[in-house]
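One letter stands for each residue in the lines below.
Protein chains: 2
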Amino acid sequence: MDLLWVLILVLLSLSRYNMAMADSNSVSHSGNALNLESVRDSLIRQEDTIVFSLIERARYPVNSRLYNQTLGLVPGFSRSLVHFIVKETEAIQAKAGRYENPEENPFFPNGLPPSVVPTHKYPQALSRRIHYGKYVAEVKFREAPQDYEPLIRAKDRDALMNLLTFKNVEEMVKKRVAKKATVFGQEVTLGNNSSGNYKIDPLIVSHLYAEWVMPLTKLVEVEYLLRRLD
Amino acid sequence: MDLLWVLILVLLSLSRYNMAMADSNSVSHSGNALNLESVRDSLIRQEDTIVFSLIERARYPVNSRLYNQTLGLVPGFSRSLVHFIVKETEAIQAKAGRYENPEENPFFPNGLPPSVVPTHKYPQALSRRIHYGKYVAEVKFREAPQDYEPLIRAKDRDALMNLLTFKNVEEMVKKRVAKKATVFGQEVTLGNNSSGNYKIDPLIVSHLYAEWVMPLTKLVEVEYLLRRLD
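Chains as they are written, first to last, in our numbering: chain A, 204 to 433; chain B, 204 to 433.
Honestly, I wouldn't trust all of these hints.
[Claimed, not checked] Here are the simulated distance ranges between beta carbons:
1. A:Gly314 to B:Val265: 50 to 58 Å
2. A:Phe280 to B:Arg360: 54 to 62 Å
3. B:Ser281 to A:Glu303: 20 to 28 Å
4. A:Pro312 to B:Asn371: 32 to 40 Å
5. B:Pro316 to A:Glu259: 25 to 33 Å
6. A:Val265 to B:Pro264: 31 to 39 Å
[Unchecked claim] Over 10 Å on every C-beta distance to chain A, these chain B residues come out as not near it, computed from the model:
7. Arg248
8. Asp251
9. Ser281
10. Ala299
11. Glu306
12. Gln349
13. Glu373
14. Met375
15. Lys382
16. Phe387
17. Thr392
18. Lys402
19. Ser409
20. Leu419
21. Thr420
22. Arg430
[What the hints assert, rightly or not] Cross-link-like lysine-lysine pairs, in silico, DSBU-like; alpha carbons within 35 Å at most:
23. B:Lys402 to B:Lys378
24. A:Lys377 to B:Lys382
25. A:Lys402 to B:Lys358
26. A:Lys370 to A:Lys358
27. B:Lys377 to A:Lys378
28. B:Lys298 to A:Lys290
Quick caveat, the hints were computed from the structure, so don't treat them as lab data.
Glycine included, every Cβ here is placed at the ideal spot set by N, Cα and C.
Please model the complete structure; the sequences and the hints are all you need to start from.
Now the structure itself:
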């Protein structure tokens, strides 16, 4: 697999994590019930989205020119073509008001045009601070502030990372996404006999979670927590 | 279901049908083997994409303001917000060269900016005409030109539509997409017991194919055939 597209995918998947609010299981729709279970339900549902996206992406070959900054494919633009497409698409979505929602985070926030559509009032039963924050980190902090506060004050990133790491949960996530890749990636026919062909290697999905999605998610959580007491 | 978003979805799904070329089962990658089987394999794979998209869309509530032309949400733009987003997104993709590919069709072709990236040479083992055309219609025509030619010359749309309609195939497609909605829409857990919850009603997917995707696909095929002898 091409590392760069994996990175883009992971970034997109993290973005989808942040869109949990719009999910029917979402935290903000459930009122004040900001607890780890509702956040987890939402993240588990996001796994389906990520596995669907990986299966869809696996249909196409790698196109490394798309990610190459040195080719100068877009005149007057010094970055890669994929950078151009994502940045310009975000500019349109900014005009359409996407980033007025405090849970929507652009990859390239610099120089985005303002929204041109009427402002939507987002329900904020919870504080604006939490909307800007990262749910999982916030929930974990609230459950055990006495464990987190000294580490935050000491700016001890490694200890925070350890505190955020639950090996058994991570093993379960790895197994579940592999199973999802197997179920969603099977060839469905009207007969009873499965072809045994799969659209994506479940192990690759599992590794992607273990090596990229979960570590990057925790990195974001650590960064959030370091600012939690400011 | 909100009719307008169904229509958008169907339009998107038809667009995905047209992207069959980029598929690993694609017609153009298989060289000269333009036959109904290879086209069907590709369309069957596209069903997965459509079912994935429907499952993803079903997570969110209807937002009818998005499709309302009379609200004037975008200053200086007389159409709906979704029209604005799709049109502007297509403009960026046009700049990035998407529509240089003869199989990529924008929804709003008027006033698109030219591509700014270097021209890519598309492999055209088959004639450019076929690339512009609609595979299924072209394949059916080639298999029985003696049946189609008189109807095309008579511009008999109804008879062409009948000739293109295979009731048993359509019934099979309806059953298969319903099964796909069941398989891909299930809640996957690590235990053996399924929750019995599904993310989308398989009957809705089946109806969507029967009432929208297949009739609109055939409409496009008829229009293609009417120009086939020009």
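Checking against the hints above, which ones are violated? 1, 2, 4, 7, 8, 10, 14, 15, 16, 17, 18 and 25
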